[in-house]
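So the sequence lines, in the order shown, correspond to chains A and R. Just so we're aligned, residue 1 is where the first sequence starts under the numbering used here, counting upward by one. Just so we're aligned, residue 360 is where the second sequence starts under the numbering used here, counting upward by one.
Accuracy of the hints is not assured; some may be wrong.
From the structure, some residues in chain A lie toward chain R, with a derived Cβ separation under 7 Å [what the hints assert, rightly or not]: (1) Q15; (2) L19; (3) W22; (4) D23; (5) R27; (6) P53; (7) S61; (8) L65; (9) P280.
Since the hints were made in silico from the structure, they are not lab data. Quick caveat: nothing in here was measured; it's all calculated off a predicted structure. Beta carbons: idealized from backbone N, C-alpha and C, even for Gly.
Chain residues, written in single-letter form:
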Amino acid sequence: MQPLLNLLGPAPKPQRLSLAEWDLVVRQARRAHVLARIAALVQAHGAWAAVPPAPRQHLASALALATRQQRELRFEVAQIARALQPAGVPVVLLKGGAYALAGLQASLGRMVSDVDILVPHECLADVETALMMAGWVHTNHDAYDQHYYRTWMHELPPMRHLQRGTVLDVHHALVPATARARPSTQRLLQAAQALPGQPGVCVLAPADMVLHSAAHLFHESDFAHGFRGVVDLDALLREFAMVPGFWPELLERAAALGLQWPLHHALRYAQAIMQTPVPPSTVAALAPSVCQRDWQHRLRDALYLRTLRPDHASTADAWTPLARGLLYLNGHRLRMPLHLLLPHLARKALGGLLPKEKP
Amino acid sequence: MSTQRRLSSLSRPQLDRLLCGEGLGIVIPPFVVRVRSPIPVVADGLERLYSDHLLAPHDGAGFFDFHVAVEARRPWFRPLCVFALDDRQPFTPLAQGEAFALFEWGLNWCVTSHCHQWISLHAAVLERGGRAVVLPAPPGAGKSTLCAALMLRGWRLLSDELTLLEPGSGWVVPSPRPISLKNASIDVILERNPGCVLGPVAHDTQKGTVAHLKVLPESLARAEERALPAWVVFPRYERGAALQVQPRAKATTVVELARNSFNQHVHGRAGFEALVRLVDACDSFDLRYSELDQALAWFDALQPPSPAGVS
């Protein structure tokens, strides 16, 4: 995996790769949704010509798609802002959409297939109505799923625009209502920053953006985008660390929002996988938020270092399926207490056998 | 290139060993593909239809555009097969008898979803005298039958399914692969050309009975040669219909090409402009036919548009 990591690092050296290494890099990167990012980074470093013609075609293809997605994203965000104007709610972008519109390094070659926004819980009904008036509809008509999302999740079921087919995720919290940590959406929205030149569009403050990225990644069950999540975190941390006072502020914010353990994991694994420069004192300050015993550290590393990789045969060992399986269960445990989780999983497992309820 | 071996140089046991083991590296222009499959019908199809294709250089330092597999599932009851690009399985499994057709369809998917350096159109494309004819058509319009008949009549096949258009230059990049024939057209082509080579026949697929026709060696040998389109023809087979040709307006031709494109939206404005340039440089027609010979004679008489005629 080293050639892949080098290409995603701060100084990609594509000229050093053999064709056989390119072969593997393209497969791993395609699988992990970072092929376009490699293309963008290589171009940004003026090393495009050093990529042999065969792999270059695939980089160009992925970059064309990511570029198009970001272009559509900008249009889509403007439409969402317009739709929410009557409700008096600003558009607070999350994840890829935020990185792209804020022009962050993390947006270089970032694929963005849907838009994620954060709105205050009390405005949810107004937002939903305003969006439906403007053409976004719910695609999931299963009554149980709708109930599940609305009662337990931190977002509405995905909405799709009738004409354009674009998908919008409306979040009202960073993590599900049932998770142990429940960061206050209100505090996040208060600190959100307006984007210059884009009326009605905001992104989270830098520290909050990192915390959301971390919380999102480590509350995950399916780590199909896990590696990309680490790449995002690496890019955010490298860029924000240039601003003096970032690290203390990040710690303070993590404490205020109760997101110390996801931040601990984010820093530890960004450092371990992407060599992200993180002050040792920052990691040390977060240590009390996680289980401390040596075997616990080693177990966690064994699980996360296997799971936060591209999901490809070449990066797996005999323990990878077990590690992924355990973190899958752990993700569910984090999001839902057992007395909710077990009936939910049973229902999903038996899904096809149960009679369909009408929504 | 001349020192490279062709697939026909492998014995069947050698072919089987590669397909079941490390994979068969094969040049399927403009790609190099590594294929694995334990299913005999896949080996049958490759042996029959890809015998003239070059093997990928076997020095272990190669780059493959796609690592694909057609894997066997559920051997004990109505065996299934599943297509995989690397570890990803984009389709639901099919009956194992369709394994070779699934390989072809899977490869089409690899191109349409991973090759945005080109605008890919769902259209056949053939060349004669340096100029190409593009044949977009919905399934059932008789595109593949016409495409096969044109190739067997001396037109050079660039592709039966995927017209790969370079957005900047307007050239079409050849990707000659076996032509997918369905139902009655299998017999139509066989009767007209008893010597032609067909691959395994898959019965009861979603598209009915499917068999692939081998690309003629002349088309394969010139797979590096791009071509500029001169005609866009929308064929429509209609039982009993007299040959009827109608010139098409350029505007609706652009719209129809865009509708038949897999990824024109990825290219945005540049994609739209590339289609406009293509149509501008071409004469476009609707062609209704029932007699293949009549249609072929019409194609024989096609003259490239004069540059002065470009509006």
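For each hint, the structure was consulted:
| no. | hint | verdict |
| --- | --- | --- |
| 1 | Q15 | 15 Å, violated |
| 2 | L19 | 4 Å, holds |
| 3 | W22 | 6 Å, holds |
| 4 | D23 | 5 Å, holds |
| 5 | R27 | 5 Å, holds |
| 6 | P53 | 10 Å, violated |
| 7 | S61 | 4 Å, holds |
| 8 | L65 | 5 Å, holds |
| 9 | P280 | 37 Å, violated |
Taken one by one, the earlier hints fail for this structure at numbers 1, 6, 9, listed in ascending order.
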